Amino acid sequence: GQNIDQPTEMTATEGAIVQINCTYQTSGFNGLFWYQQHAGEAPTFLSYNVLDGLEEKGRFSSFLSRSKGYSYLLLKELQMKDSASYLCAVRDGDYKLSFGAGTTVTVRA
Amino acid sequence: ETGVTQTPRHLVMGMTNKKSLKCEQHLGHNAMYWYKQSAKKPLELMFVYNFKEQTENNSVPSRFSPECPNSSHLFLHLHTLQPEDSALYLCASSQDGTSGGETQYFGPGTRLLVL
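The listed protein sequences derive, respectively, from chains F and R.
Under this note's numbering, the first residue of the first sequence is numbered 1, with each subsequent residue one higher.
Under this note's numbering, the first residue of the second sequence is numbered 1, with each subsequent residue one higher.
Okay, chain R solo, but in the shape it has when bound:
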């Protein structure tokens, strides 16, 4: 238990569906992250939020839409996804995203399958 929770843990959706992934952290952190993890590939950073403001969008397609209503919650809204978007989506949090030695704490991820 890292203090970062994600729901749902598993999700199957069609290409025309709309769904949302939720992340919540109970660590009092101010930075939150979305990563995509595909088999045998490095974790890919998607979005970064610091103090609720988006500070990084790593050239992510617009079919992925993040939302950060407060420092404890992060959402990833999904619509018209493609089969190649099937992956493990990991949320992480850290103190404030500005310190070199700062550790990121990860949630267990949402395993997404797009049919």
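Just chain F, same shape as in the assembly:
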């Protein structure tokens, strides 16, 4: 099976920056996704990386290194509403999407 690892929990202060790391080992690679999931709600799409490098989208950026099997999601200027679970998901060579267990980010005032 696929192996996707990310930290279980992270805490940061409002206005700060937090970086959520994700490492993966999959059979083939067809892209990496980050989703945000607030408690009791649907996961919502944040970003997609298939080539190495940084993708920036407002306060959120996502980075990928395929050779290292590594990605991170960077959240800048943290707001209270950013408190949520962040899911790393990798699409393998068979186009199957596998998820990590998620990182719960708590933003404190």
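One or more hints might be untrue.
[What the hints assert, rightly or not] Once the Cα atoms are required to be at most 16 Å apart in a straight line, the calculated EDC-like pairs of lysine to aspartate or glutamate come out as:
| hint | chain 1 | residue 1 | chain 2 | residue 2 |
| --- | --- | --- | --- | --- |
| 1 | R | Lys-41 | R | Asp-85 |
| 2 | R | Lys-52 | R | Asp-96 |
| 3 | R | Lys-41 | F | Glu-77 |
| 4 | F | Lys-96 | R | Glu-67 |
| 5 | R | Lys-40 | F | Asp-5 |
| 6 | R | Lys-19 | R | Glu-102 |
| 7 | R | Lys-18 | R | Glu-67 |
| 8 | F | Lys-96 | R | Asp-85 |
| 9 | F | Lys-96 | R | Glu-102 |
| 10 | F | Lys-81 | F | Glu-41 |
| 11 | F | Lys-96 | R | Glu-84 |
| 12 | R | Lys-40 | F | Glu-77 |
| 13 | F | Lys-57 | F | Glu-77 |
| 14 | R | Lys-40 | R | Glu-67 |
| 15 | R | Lys-41 | F | Asp-5 |
Quick caveat, the hints were computed from the structure, so don't treat them as lab data.
These figures come from a predicted structure and were not determined experimentally.
Assemble the complex: chain F is given as a structure, and chain R must be docked to it using the hints.
Okay, now just chain R, sitting in the frame of chain F:
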């Protein structure tokens, strides 16, 4: 609002009951998915349908029975479940399930408790 709706949002059932979960997508997609999300665990893919045909059954016990009457609707029929089946059941849809960059859109889920 992602364009994917699920009913009911919450369900409590006994182990001898039969119930069904419903998912509907209004996005014109052709692929639909059922996932199971348990606390502190990764989302587990259960079933995939492409153009109404089941293309994946991820070794799911037969007490879970999916049905896809058309590309917009997906059901999960439940019978004789076990307490360990208690979880959040998420439905998702995507364009056609074959493109690497294709995004899946999730519904809000059904929170299931089996007593």
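Hint check:
no. : hint                   : in the structure
1   : Lys-41(R) / Asp-85(R)  : holds, 13 Å
2   : Lys-52(R) / Asp-96(R)  : holds, 11 Å
3   : Lys-41(R) / Glu-77(F)  : violated, 28 Å
4   : Lys-96(F) / Glu-67(R)  : violated, 20 Å
5   : Lys-40(R) / Asp-5(F)   : holds, 12 Å
6   : Lys-19(R) / Glu-102(R) : violated, 32 Å
7   : Lys-18(R) / Glu-67(R)  : holds, 15 Å
8   : Lys-96(F) / Asp-85(R)  : violated, 23 Å
9   : Lys-96(F) / Glu-102(R) : holds, 11 Å
10  : Lys-81(F) / Glu-41(F)  : holds, 13 Å
11  : Lys-96(F) / Glu-84(R)  : violated, 25 Å
12  : Lys-40(R) / Glu-77(F)  : violated, 27 Å
13  : Lys-57(F) / Glu-77(F)  : holds, 13 Å
14  : Lys-40(R) / Glu-67(R)  : violated, 28 Å
15  : Lys-41(R) / Asp-5(F)   : holds, 11 Å
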